[in-house]
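Chain A is already provided as a structure; the job is to place chain B on it using the hints.
One line per chain: the protein sequences are A and B, in this order.
Here the first sequence is numbered in my numbering, starting from 1 and rising by one per residue.
Here the second sequence is numbered in my numbering, starting from 414 and rising by one per residue.
For the record, the hints were derived by calculation from the structure and aren't laboratory data.
C-beta atoms are modelled at their ideal positions from N, C-alpha and C, and glycine is treated no differently.
Where hints are given, some of them may not hold.
To be verified - Stretches of chain A that chain B covers, calculated by requiring three or more beta carbons in the stretch to come under 8 Å of a beta carbon on chain B:
| no. | region |
| --- | --- |
| 1 | 247–253 |
| 2 | 394–401 |
Claimed, not checked - Straight-line Cα separation of at most 25 Å, DSS-like style, residue types lysine-lysine; simulated pairs:
| no. | chain 1 | residue 1 | chain 2 | residue 2 |
| --- | --- | --- | --- | --- |
| 3 | B | Lys463 | A | Lys206 |
| 4 | B | Lys463 | A | Lys349 |
| 5 | A | Lys353 | A | Lys226 |
| 6 | A | Lys57 | A | Lys21 |
| 7 | A | Lys64 | A | Lys214 |
| 8 | A | Lys64 | B | Lys463 |
| 9 | B | Lys463 | A | Lys222 |
| 10 | A | Lys349 | A | Lys214 |
| 11 | A | Lys155 | A | Lys57 |
| 12 | A | Lys52 | A | Lys21 |
| 13 | A | Lys226 | A | Lys214 |
| 14 | A | Lys349 | A | Lys57 |
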Amino acid sequence: MKYSLYNLVKNSFSYHENWEKAWSSPDLKPEYDVVIVGGGGHGLGTAYYLAKEFGVKNIAVLEKGWIGGGNTGRNTTIIRSNYLWDESAALYNHAVNLWEGLSSELNFNVMFSQRGLFHLAHSVHDMQEITRRGYSNYLNGIDAEILNQDQVAKKIPHMNVNGRYPVLGALLQRRAGTARHDAVAWGYARAAENLGVDIIQNCEVKGIDISNGKVVGLQTTKGAVKVDKVGLVPAGHSSVLANMAGFSLPINSVPLQALVSEPVKPILDCVIMSNSVHVYVSQSDKGELVVGAGSDAYNSYSQRGSFDMIEHMMAPLVELFPIFSRLKMLRSWGGIVDVTPDRSPIIGKTPVKDLFINCGWGTGGFKATPGSAHVFAETVFRGEPNDIAAPFSLERHFSGALVDEAAAAAVAH
Amino acid sequence: MFIINCPYCGERDQTEFTCHGEAHIARPDNPSEISDEEWGRYLFFRENPKGTHFERWTHDHGCRRWFNVMRDTVTDQIIKTYKMGEAKPEISNE
Chain A
1 MKYSLYNLVK NSFSYHENWE KAWSSPDLKP EYDVVIVGGG GHGLGTAYYL AKEFGVKNIA
61 VLEKGWIGGG NTGRNTTIIR SNYLWDESAA LYNHAVNLWE GLSSELNFNV MFSQRGLFHL
121 AHSVHDMQEI TRRGYSNYLN GIDAEILNQD QVAKKIPHMN VNGRYPVLGA LLQRRAGTAR
181 HDAVAWGYAR AAENLGVDII QNCEVKGIDI SNGKVVGLQT TKGAVKVDKV GLVPAGHSSV
241 LANMAGFSLP INSVPLQALV SEPVKPILDC VIMSNSVHVY VSQSDKGELV VGAGSDAYNS
301 YSQRGSFDMI EHMMAPLVEL FPIFSRLKML RSWGGIVDVT PDRSPIIGKT PVKDLFINCG
361 WGTGGFKATP GSAHVFAETV FRGEPNDIAA PFSLERHFSG ALVDEAAAAA VAH
Chain B
414 MFIINCPYCG ERDQTEFTCH GEAHIARPDN PSEISDEEWG RYLFFRENPK GTHFERWTHD
474 HGCRRWFNVM RDTVTDQIIK TYKMGEAKPE ISNE
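If we strip away everything but chain A, and leave its shape as in the complex, we get (with noise of 0.2 Å):
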């Protein structure tokens, strides 16, 4: 059933009880064509273009969880793009694109709200690294603005612009902004499931079966099931999947956190971001302050972060804002991100055949789901990854041809 302004009238003659599930739950199937693990935004997306773009007709999500349970449901939802190389300008900016028609795309209200992200630079370096990635921006298409101290002062009027943590100026993308990541993970399930794609839930894979070194089958907790193509998408298991497949990853697997505050009336109209200080904030629809920061330096796969952390990242909040000092915060949470050396994601071929990878997300996977399950849909279908995703192979690592985004300090999500 189609949302729509015609069916919402008609639904409220049945007092709104009458409305279709949104997807459903059907049994795993012996054989699929494709089969994606992991059902996340990028998974769920993936399975999407893959019905939609190229008439795949027999595709099989399978997610350990709940869908958008994992890390699609426990990011900070900043939207961006303005990253230093090319390689990713193009990655970011191909999602940035597709979230512009998203929600009338999947004909699911995702909310994306681009209401600008403010980098902020709290000295001469701060500036010089703005500077030299804002013309970068400006070179590779993205907009970009970049904002002297007294322009970033009557935008945010409530920020501490000479305070302990100095604010010299800001790189202003007016494109970034926001989205609501639950809706991502259920407007593509749905999109995904009116074109034929089989949604199975609490499905986790426990092995991967490979004949004369192509996948053939998945062991899962719902019984064997048959393949021809296999996409890996499972973000924090990222290592885990690949080593029943007898591989390994340049991957470190390490706790994240976010957390969010008690809903006040609206104050912040933007996203900010400090690298240099480690904080980023931004203010939801319902009015909750929304803050993350860095990761913690140790692997962990217990969804739990230390809480030092969270310390580390709260007290340059209450230096910039003074304001927010007396909000209390209701809930932290943690999530598992696999973190690469360069800090850019790994999409393509694996050592097995038709058996493909999308990992690597590390800390900010979710401004590009939609970019990059386009472009690893396109990647399963043809067994080759197309000129966007080709920098990122794993095969980087071998070569030297790194997309330093670490090094570039675009890199605190």
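Here is chain B on its own, set in the frame of chain A:
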């Protein structure tokens, strides 16, 4: 994992320490002779296990010395800490 037992100083708060990733990775003896793939594996590829992990830590705000930690990455429980150069402990299957 809030308390870490430094082999030199004893039990201290976790915030005094920094983790430096997987332990027991030997630098190849012959870098100029091995392939790009072998060198890439040495530089970048890691075990990243869900379970027992062997890793290097430094006691930055204490003795500043390096040591190894055997830790469970699911529970974050530290199983053992030991000095650099000591043999890798066995993983028991209890």
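- Sort out which numbered hints this structure fails and list those numbers smallest first. 11
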